[in-house]
Structures are given as C-alpha cells and as structure tokens.
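Q: Spelled out, the chains give:
Number of protein chains: 2
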Amino acid sequence: MASSDQHQSPETTNLQLVLVHRYPRFGNSFLSKLQTRYRVFDPVDESDPSLLPLSGSVRVMLCLGPTPVTSETLDKYPNLECIVGTSAGYDHFDLAECRRRGIRITGAGDSFSEDAADLAVGLLIDVLRRVSAADRFVRAGSWPVKGIFPLGSKVGGKRVGIVGLGSIGSRIGKRLEAFGCSIAYTSKRMKPNVSFPFHSNIHDLAINSDVLILCCALTNETHHIVGKEVLTALGKEGIVINVGRGALIDEEELVQFLKRGEIGGAGLDVYENEPHVPKELFGLDNVVLSPHAAVVTPESFNALEELFTYNLEAFFSNKPLRAQIECE
Amino acid sequence: MASSDQHQSPETTNLQLVLVHRYPRFGNSFLSKLQTRYRVFDPVDESDPSLLPLSGSVRVMLCLGPTPVTSETLDKYPNLECIVGTSAGYDHFDLAECRRRGIRITGAGDSFSEDAADLAVGLLIDVLRRVSAADRFVRAGSWPVKGIFPLGSKVGGKRVGIVGLGSIGSRIGKRLEAFGCSIAYTSKRMKPNVSFPFHSNIHDLAINSDVLILCCALTNETHHIVGKEVLTALGKEGIVINVGRGALIDEEELVQFLKRGEIGGAGLDVYENEPHVPKELFGLDNVVLSPHAAVVTPESFNALEELFTYNLEAFFSNKPLRAQIECE
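Chains A and B, in that order, are what the protein sequence lines are. Per this note's numbering, residue 189 is the first one in the first sequence, and the count goes up by one each step. Per this note's numbering, residue 189 is the first one in the second sequence, and the count goes up by one each step.
There is no bait here: all hints are sound.
It does not matter which identical chain is meant; a pair holds if it fits inside one copy or across any two.
Taking lysine to aspartate or glutamate and the DMTMM-like style, the derived pairs with C-alpha atoms no more than 20 angstroms apart in a straight line are: (1) K424 <-> E487; (2) K507 <-> E494; (3) K424 <-> E468; (4) K221 <-> E494; (5) K334 <-> E460; (6) K221 <-> E493; (7) K334 <-> E462; (8) K467 <-> E441.
Just so you know, the hints here were simulated from the structure itself, not pulled from any lab data.
Kindly generate the complete structure, drawing on both the sequences and the hints.
A: Have a look at this one:
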C-alpha cells in the first residue's frame with residue numbers, strides 16, 4: 189500500500205533509532221541485519237555524518253562486546269534510557285553512573301554460559317591430563333625419541349572449588365560432577381536449592397580444593413581475589429582455571445607461583461592486560477593459554493543475536509527486558 | 189620362628205612363582221613390590237639365569253602393558269594356566285591360542301576406563317573449541333598481532349556416536365550428556381538397560397553423528413572400521429576421536445580426508461605405527477595429537493596394581509578372578 193506521506197522514505201520515518209556503541213573490530217556481522225529493522229546510528233562508521241545530530245535524541249544503545257561505557261560516553265547521549273549489552277561480564281559499564289541516570293542495562297544472559305562452562309572444563313582436563321603439552325610433544329617429533337610422556341593427573345576425585353556459582357559456574361559444576369569431581373563453591377551469598385557445600389570466602393574454599401575455577405564477575409570486591417594468600421592456600425599441586433576476567437587474579441603473583449613451582453598449573457582464558465600475556469608463561473608446560481575465546485562459537489552468537497534483537501524490540505514496545513543487570 | 193628346613197631361604201621356598209612378561213621399559217616400578225610377595229621370574233632381567241629352568245613349571249604370567257603373547261611365547265611355558273594382564277585392550281594376546289590351551293586371561297577391567305573417557309572428552313572439547321591451537325596461537329605471540337582467534341564450535345547439541353559402549357564408552361556417554369550432547373552408539377550387540385539409540389553398524393551411526401568416538405577393542409572385525417566410507421558418511425564438519433587402538437582407523441585415508449578438508453577434525457591418542465605419527469598431521473590446526481596417553485595417571489596405576497595383585501592372589505588360592513576376558 190502506498191504511503192500518503194510520499195516525501196519521506198519509509199527507511200527514515202518508520203524505523204526506530206538505535207545507537208551502536210562498539211570497537212571498530214566488533215559487530216560488523218550484526219550490523220547489516222540490524223539495518224533492515226532499525227535506523228542505525230553507528231559513530232564508528234563516519235560515512236553518514238547526518239546522523240550525528242541525533243546524539244541528543246537517541247534512547248537506546250546496543251553495546252557490542254566489552255566496549256567501555258563511561259560517564260563521558262553517557263554525557264554524549266543525554267536522553268539514553270537503556271543499554272542493550274552483549275557481554276557476559278559487565279565491568280566495562282560504569283554501573284554507578286548508569287544507576288544515577290536511571291539507565292537500564294541488559295547483558296548476554298545465558299547465551300554464553302554453556303560455552304564458557306565447556307571451555308573451563310576443557311582447560312581443566314587439558315591442564316590435568318596435559319593435552320596441549322602432549323600435542324606439542326608429538327608435533328615436535330619427541331615421541332619416538334623420548335618415549336613415554338610424563339603422567340598426567342586424574343580428573344575424577346578432584347575437589348573443585350567454583351568461585352561464583354552463577355549461570356556459568358552452575359553449568360561447570362554439573363559437567364564436573366559427571367567426571368566424579370566433588371564440587372564446592374563460594375559466592376556473594378549461599379544459593380538456595382544448591383547441594384554443593386558453600387564456603388563464605390575464597391580462602392576457605394582454596395584450602396579445601398585441588399582446583400579453583402574463577403567464573404565470577406569482576407567488581408571492586410573481586411579485583412585480585414586470587415593473590416598470594418589464596419595461591420598459598422591452594423598449594424603446590426593446586427590448579428587455577430580462569431574464564432572470568434583477568435584482573436580476578438593478581439597476574440604477577442600467579443606468574444611467580446608458577447615459575448617457582450609453588451602451584452601445580454593454570455588454565456587461563458583471560459589476562460590483566462589483553463591481548464598481552466606474560467611471556468614467562470610461554471615456556472611452561474603446566475599452563476594452557478587461550479586468547480579470551482571462552483565465549484565465541486557461532487551457536488552462541490546466534491543465541492546472543494536472538495536475545496539482543498528481542499531486547500531492542502521489547503524496549504520500543506515497553507515490554508519487560510530479558511537478562512537485565514542489577515546496577516547495584 | 190626358625191624354619192626346620194635351614195638350607196633353603198624362605199624367599200625361595202615359601203613364595204609362589206610368577207612369570208613377568210614385559211618390554212624392558214615397562215613395569216620397573218611394580219617389580220620391587222612384587223618381589224616381596226612372589227618369586228619373580230623376569231626373563232628381561234638376565235641377572236638370575238638360575239630361574240630359566242623354571243619355564244616349564246610356571247603356572248601364571250603377569251603380562252605388563254601390551255607386550256605381545258603369541259603362540260611362540262606360550263610354547264616356552266607349557267604349564268601356563270593363567271595370564272594376569274594389565275592392559276585395557278587385548279589385541280596383543282593370541283586369544284584363539286589361549287582358548288585352545290585353556291589359559292584364562294584377565295585385563296585391566298575398569299582401572300583405566302575413567303582416564304580414557306576423560307581424555308576422549310578432553311580431546312573432543314579441544315578439537316571443537318580449538319584449545320591446543322589457541323594455546324599455540326598465544327605462545328607464538330600472535331594474539332596482539334592478529335587479533336581475534338577464529339571461532340570454535342559449540343559442544344552442546346552435537347550428535348555424538350560412540351563406537352563400543354563398554355566401560356569406557358558408557359563413561360564417555362555419561363560425561364557428554366552433561367554437556368548437552370545427544371548420544372547414540374554401535375556395539376557388537378544392543379545393550380540392555382541403555383537408553384541411548386543403537387545403530388547396528390558404524391556407517392548408519394556416522395550418517396547420524398557430528399562426532400564419532402572410537403573406544404572399542406581392536407579385533408579382526410574392527411580393524412580399519414573407519415575408512416573412506418565412514419569418513420564420507422561423517423562428512424565435512426565431522427570429527428573423529430580415537431582412544432581405542434590406531435588400527436581401528438585406516439590412518440592413511442584419515443590423513444587424506446584431513447588434508448583435503450573433507451572432514452572437520454580429529455583428536456587422536458593412538459596410531460597405526462606408534463610411536464610414529466603421520467607428519468602430515470603436524471601442520472594441521474584441526475587435529476589434536478596425544479602420545480597414547482589416555483590411560484596414564486598415577487591414580488589409575490594404583491587401581492591397576494590393586495587389581496592385578498588381587499588376581500595373582502586369587503589364582504594361587506583358587507578364588508574367582510576379576511576382569512576376566514572372554515577368549516571368544
């Protein structure tokens with residue numbers, strides 16, 4: 189049916205405005221589809237300067253990946269009401285400032301939880317059973333020369349302490365129970381309906397664990413939650429797995445513990461100063477190093493796209509948002 | 189109490205005779221303990237030639253690792269009644285010849301099943317989520333240079349076909365269910381009390397699977413059970429995991445499929461000509477190579493030692509043996 193308002197194209201009149209906030213390398217694959225449904229204001233793409241005056245009227249931001257949203261960012265968009273995020277963590281948001289301005293935020297919800305849990309378990313098996321080290325050994329042609337590869341350690345029977353029993357941590361627990369590990373956890377609060385033993389602090393958890401798996405949010409309280417004391421409590425055979433955020437661990441301290449053999453091993457997907465990984469780790473056989481890849485499979489990206497598409501629509505039609513983050 | 193038979197030492201009179209059959213590199217750690225309980229006849233160790241005349245009287249053999257027991261081996265020990273084995277596989281025994289001579293054989297039973305299942309799952313996560321490849325990427329210093337590492341594929345939702353649902357295969361199924369995989373299997377016979385769908389042959393299983401995991405025994409029937417047809421049925425995105433025996437796969441064919449990108453990836457712990465691994469695999473990022481290390485953790489060796497110690501005692505006291513192999 190022809191519109192009676194012929195002098196404006198439907199592309200600009202009928203479509204709602206969405207601000208896309210991103211690093212240039214993120215999100216190109218999402219944008220073209222988004223542009224079929226919304227008028228996309230993408231400051232990274234400077235090809236359409238006519239959109240710039242829209243800063244004052246934009247009400248919703250799609251924040252791709254962990255692109256920082258600071259108080260200065262928010263100053264540019266004074267009428268922002270909602271940030272639709274796409275990240276499992278939310279340490280890139282200035283939560284206090286968002287709360288002050290009454291801005292609602294959503295995250296990736298469960299979209300990435302299975303991937304992150306899978307990688308955490310993969311890193312743990314890899315460290316215990318020395319899979320990556322074995323692969324290096326074979327590729328270097330060492331098997332026919334050196335013979336038997338050193339023993340690994342059994343997965344079953346390990347006491348695994350999960351730090352942060354949210355949607356990722358609980359999935360890690362479920363998986364590792366099937367391997368015969370015994371699970372305990374620490375978390376802000378004891379969880380109802382969870383049978384795993386709870387420890388009120390990470391130090392107690394570390395003393396009672398062979399393995400610590402970090403999958404909690406990075407906040408002021410959890411910054412460097414694993415340092416000298418916790419590593420000492422975990423002990424010489426202890427293993428640390430980190431699929432949370434790099435700064436949960438005092439990385440310098442961890443490197444020293446690993447170099448001195450005062451801890452058994454580590455499986456790391458995240459680092460304090462990404463993409464830089466401490467070079468001292470490159471020569472160690474008891475660490476497995478992954479480039480912040482816990483949450484990148486095509487299947488999860490599809491789930492994520494579904495979630496943020498839903499949230500954008502929900503925002504414009506005043507329906508409840510999914511996977512909303514508490515700005516506490 | 190002093191023995192009345194003073195001219196013989198208790199070490200040689202009171203202890204039962206056990207033949208140890210092994211490659212020189214195997215089993216040194218077990219031998220000293222064994223010597224406290226038995227008179228050990230160890231042809232590899234030629235320091236005591238006085239034992240050689242015992243070949244005719246030895247009734248039980250402790251066979252360490254996959255040391256071959258052929259008809260020629262058996263000819264040397266005409267009064268052998270029982271072989272206490274220590275291996276998860278039994279393709280190194282001439283089963284027909286043992287049956288003909290009425291020799292009973294025991295294996296490793298479940299001692300190694302959890303380790304093998306753990307490694308199978310570890311290899312699968314590693315191939316799907318590219319863990320070893322990611323570790324290489326980070327150690328090579330590529331992350332800051334190349335940026336984002338290519339996407340992996342999600343574990344959950346994969347259709348996993350298990351070839352051989354014995355003590356290893358059933359443990360693999362249990363673990364992968366916790367990841368949200370759907371499991372099916374093929375086996376000599378359909379298993380009672382198993383809810384996983386059964387396929388009567390590996391070709392049907394491959395057509396209906398994203399992943400094939402080989403954990404069956406190597407026999408005449410299973411030799412090269414995975415060749416051109418099965419790999420074609422599995423398809424371009426398909427993944428093969430082998431923790432059974434190298435010759436379950438036509439290795440040359442697999443290498444060609446991998447090189448031509450006609451299969452998605454492979455996680456291999458065993459090879460046709462160990463310790464030699466096809467060099468064409470060393471340059472591929474979609475394979476993970478482990479040096480026949482599925483069953484080596486100290487915990488499993490302890491369980492194994494307990495089992496064969498029990499079986500030696502049971503043999504001499506006419507009690508039922510554990511983990512007996514059917515020589516069919």
